[in-house]
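**Q** Residues per chain, in single letters:
There are 2 protein chains.
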Amino acid sequence: MSVQKPSIPKGTRDFGPAEMARRNYIFDVIRNVFRTYGFQEIQTPAQENLSTLLGKYGEEGDKLLFRILNSGDAFSEVDFDKPLTPQVCEKGLRYDLTVPFARYVVQHQNEISFPFKRFQIQPVWRADRPQKGRYREFYQCDVDVIGSKSQVNELELVQMVDGVFARLGVRVRILINNRKVLTGFAEIAGAPDKVVDITVAIDKLDKIGLEKVKEEMALKGLQADGIAVIEEILSLEGGFAEKLAAMKRLFNGGSASGVVSETGLRGLDELEELFGLISAAGVSAPVSLDLSLARGLNYYTGAIFEVKAQDWEIGSICGGGRYDNLTGIFGLPDLSGVGISFGADRIYDVLTGLDLFPASLASSTKLLLAVMGADELRYVLPIASALRAAGVAVEVYPEPSKLRKQFEYAEKRAIPFISINGSSEMEAGTVNIKNLVSGEQKAFPRDAMDDILAFLQ
Amino acid sequence: MSVQKPSIPKGTRDFGPAEMARRNYIFDVIRNVFRTYGFQEIQTPAQENLSTLLGKYGEEGDKLLFRILNSGDAFSEVDFDKPLTPQVCEKGLRYDLTVPFARYVVQHQNEISFPFKRFQIQPVWRADRPQKGRYREFYQCDVDVIGSKSQVNELELVQMVDGVFARLGVRVRILINNRKVLTGFAEIAGAPDKVVDITVAIDKLDKIGLEKVKEEMALKGLQADGIAVIEEILSLEGGFAEKLAAMKRLFNGGSASGVVSETGLRGLDELEELFGLISAAGVSAPVSLDLSLARGLNYYTGAIFEVKAQDWEIGSICGGGRYDNLTGIFGLPDLSGVGISFGADRIYDVLTGLDLFPASLASSTKLLLAVMGADELRYVLPIASALRAAGVAVEVYPEPSKLRKQFEYAEKRAIPFISINGSSEMEAGTVNIKNLVSGEQKAFPRDAMDDILAFLQ
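In order, the protein sequence lines correspond to chains A and B.
Each residue of the first sequence is one higher than the last, beginning at -13 in the working numbering.
Each residue of the second sequence is one higher than the last, beginning at -13 in the working numbering.
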């Protein structure tokens, strides 16, 4: 076989030790917070039947599915001369965690005790054009409660977001809106059929500004007086109470159109309840009502969330909302759920940008036992075993080598302590340990494990 | 869209909460042991270029690769009427962790400090015919050191195996052999060209017995006197020292053929050194030389390992060995490595069979705060927050419901404590907690966090 220059497919990544340590740190923090709220982890297979995936992500999404050729038995019947029929390709790679979760809930409904509080941290695959920050394989981290309409679930998602970012040291802002309120906008703007157009337009407010949003709504056929209503809403100022009061007035027929929006009013009731729960429970991050928050996903029916880092510009690092019929397509209607997704890659970038990864992640090994010869090796092996039994990460340099080489290894691997033991230590039964950061060096009787452990702290 | 009955592809699995808790337990134990030896985690993408994968697993293996259709940009040019040319299919799913690791080492050789001690826990995909215990998607858990010929590495793998199974509570037997010794067998049997045939045959000794092994070797063309030599070897009894001495004699020309095997003798030297290191370091599981241990993989060049559970029949639960040229195919020759792979599914089955999973895994939530009404909900929310801040997994039942329903939920989720608070508790400022296992019930001032935590232990 000829020698190949190795590479990986466009848009995919290898994660080396340093990157993995940082990624695991993020996922561990998230997992631990989820667990204190009673959420349980599940995993679904990377491959799903194409019938499960197709038609769930729109036409664009269907194109971005990675399809897997039938293999094994089937493969022997697949000939590269035959036409590429759909029959040779019945499976695809998971595109997100939401659709497989809906499939899971329906398939396992008889084993699940509802409300079902689950989280899932797995890679997904999309055949998007790779570019900076956009990958063809990336992890999603989703947490959902399904089978309960209570807004205590929304509250807990907000609390978990708060807890995760507090532990990570990232100051965030949590933005909340409600899909029913967006429906209300369209109704009092006299265009109940234009909810999606209005939503898509105002979602861009941050990026393109009010004038462009108005232009876009006009292009979509919204009348001038309707646009004026939306403008009035988007210009509302003040805190939650002020905005709520103003919106109540507008939805109660107080807008230029005079239309009353029952749906909008129900959305406001939900928001009022949720903000009440949030203040009863106590959340450290600022939580605010953002009436321009829309999020593209049409399946949301209640609360909508977005989380932004206060000190790093990167767009939203979490997002989610309530949906009422996610499992309907798989035959289980009327199961309401609410969930939020943590953007692992963006959170990684924020922590990198703000230098918030703990310094301890850089060194995985505490002590290198240098090795001068075969006897010295046998001398240090039981010491290594004892330290490991005490939970300390220890490496034994695998072969007698020049000390310089062993020091270099310790340096490259950021190992903070080195132990060098020769014939004098062996005779005295001692262990000689040097702190490579402070330069301090000390000898210990080799069974003085407590003193050694204290020195390695 | 019509309603679909949901299912997953043949040979794949969903892992629900209970199964995930048990799987994570196994992986966490393994990870923690690896880390105390200074091994670092990496991850590679699920998709590799087909050129990386093809030809590495034999003809059979090539057929078992899952191939991915080009998608995205390319996909729009792929028409289901056009022929299925290799050009529309350039990627495949990872078949094992070894080849991607070799690719990784070569691709990142300038960033790596050798010896490189890595582990990797990720799923792999094989289009095998699904059957009991054989899946098309399953996790592998590999640990390797690359860039060091020292047998300290073999020692550490043995120590890590020992540490992992000690922590899991599984009594194991560690079997060791050496590929050079197997080469020696063929040489002193007068058939140096038949190493693979002899290896394959004696590997089946456990399953088919000596007579059948002899028949198979005869079928492969081994002469009767050669077979007699192999029979003499396989019939050797005694401990390591006895077998070693007997093999030294045979390899030194003491067999019926009188042939001296230099390679075999080098293999024995390696075994002697490794067993010496093992007794110097101390390992709790029995480690023995198994001269019939061969393992199919032809790339092994030195030590070979296999691990079996003593109290559960399931075949080997770990296996590995030393290889000298894994990275050669990707352009980096002469890099010696040694590794071992933990069979996650079999270890899971052993722990299930021997009932060794900790009981604590069954309940992820410690306390359910029942909810009787809106006021009671607001009363318990800060209590939930305080307990979670102390690291306790707490659930708040999300809506006021009949107590029976809330008790049922606690029971189904195996939550051991429930707290029921009504108007009298709210007036008194107390929290009423019941241990659902012992039946004990106690009331605490709601700020007596230490007493509450103690009761929940």
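I should point out that these hints are in silico values taken from the structure, not numbers from a laboratory.
The reader is advised that the hints may include incorrect statements.
Remember, identical chains collapse to one label, so a pair may be satisfied in a single copy or spanning two.
[What the hints assert, rightly or not] With a straight-line Cα cutoff of 20 angstroms, these simulated SDA-like cross-link-like pairs (lysine to any residue) come out:
id	residue 1	residue 2
1	K193	G239
2	K(-9)	M6
3	K198	R364
4	K(-4)	L36
5	K234	N35
6	K49	D189
7	K234	F261
8	K420	L220
9	K200	D183
10	K294	Y395
11	K206	R115
12	K198	Q443
13	K198	E413
14	K49	V74
All values reported here derive from a predicted model rather than from experimental measurement.
**Q** Does each hint hold? Answer for all of them.
**A** To see whether the hints hold, each was checked on the structure:
Taking the shortest Cα distances, K193 and G239 never come within 20 angstroms of each other, neither inside one copy (31 angstroms) nor across copies (83 angstroms). In this assembly of identical chains, the alpha carbons of K(-9) and M6 never lie at most 20 angstroms apart, being 24 angstroms within a copy and 38 angstroms across copies at closest. Taking the shortest Cα distances, K198 and R364 never come within 20 angstroms of each other, neither inside one copy (75 angstroms) nor across copies (43 angstroms). Only between protomers do K(-4) and L36 lie at most 20 angstroms apart by alpha-carbon distance; the minimum there is 13 angstroms, versus 23 angstroms within a single protomer.
In the homo-oligomer, the alpha carbons of K234 and N35 never lie at most 20 angstroms apart, since the shortest distance is 46 angstroms inside one protomer and 58 angstroms across protomers. In the homo-oligomer, the alpha carbons of K49 and D189 never lie at most 20 angstroms apart, since the shortest distance is 25 angstroms inside one protomer and 48 angstroms across protomers. For the identical chains of this complex, K234 and F261 are intra-copy neighbours only, at 15 angstroms inside a copy versus 80 angstroms across copies, given an alpha-carbon limit of 20 angstroms. Within a single copy, K420 and L220 get their C-alpha atoms no closer than 63 angstroms, and across copies no closer than 50 angstroms, so neither meets the 20 angstroms cut-off.
Taking CA atoms no more than 20 angstroms apart as the test, K200 paired with D183 passes inside one copy only; the shortest distance there is 11 angstroms, against 79 angstroms between copies. Taking the shortest Cα distances, K294 and Y395 never come within 20 angstroms of each other, neither inside one copy (40 angstroms) nor across copies (35 angstroms). With identical chains, the CA atoms of K206 and R115 are never at most 20 angstroms apart, being 28 angstroms at best within one copy and 54 angstroms at best between copies. In this assembly of identical chains, the alpha carbons of K198 and Q443 never lie at most 20 angstroms apart, being 58 angstroms within a copy and 59 angstroms across copies at closest.
For the identical chains of this complex, K198 and E413 are neighbours neither inside a copy (82 angstroms) nor across copies (56 angstroms), given an alpha-carbon limit of 20 angstroms. Taking the closest pair of Cα atoms, K49 and V74 come within 20 angstroms of each other both inside a single copy (17 angstroms) and across two copies (14 angstroms).
Hint compliance for this structure: hints 1, 2, 3, 5, 6, 8, 10, 11, 12 and 13 are broken, all remaining hints hold.
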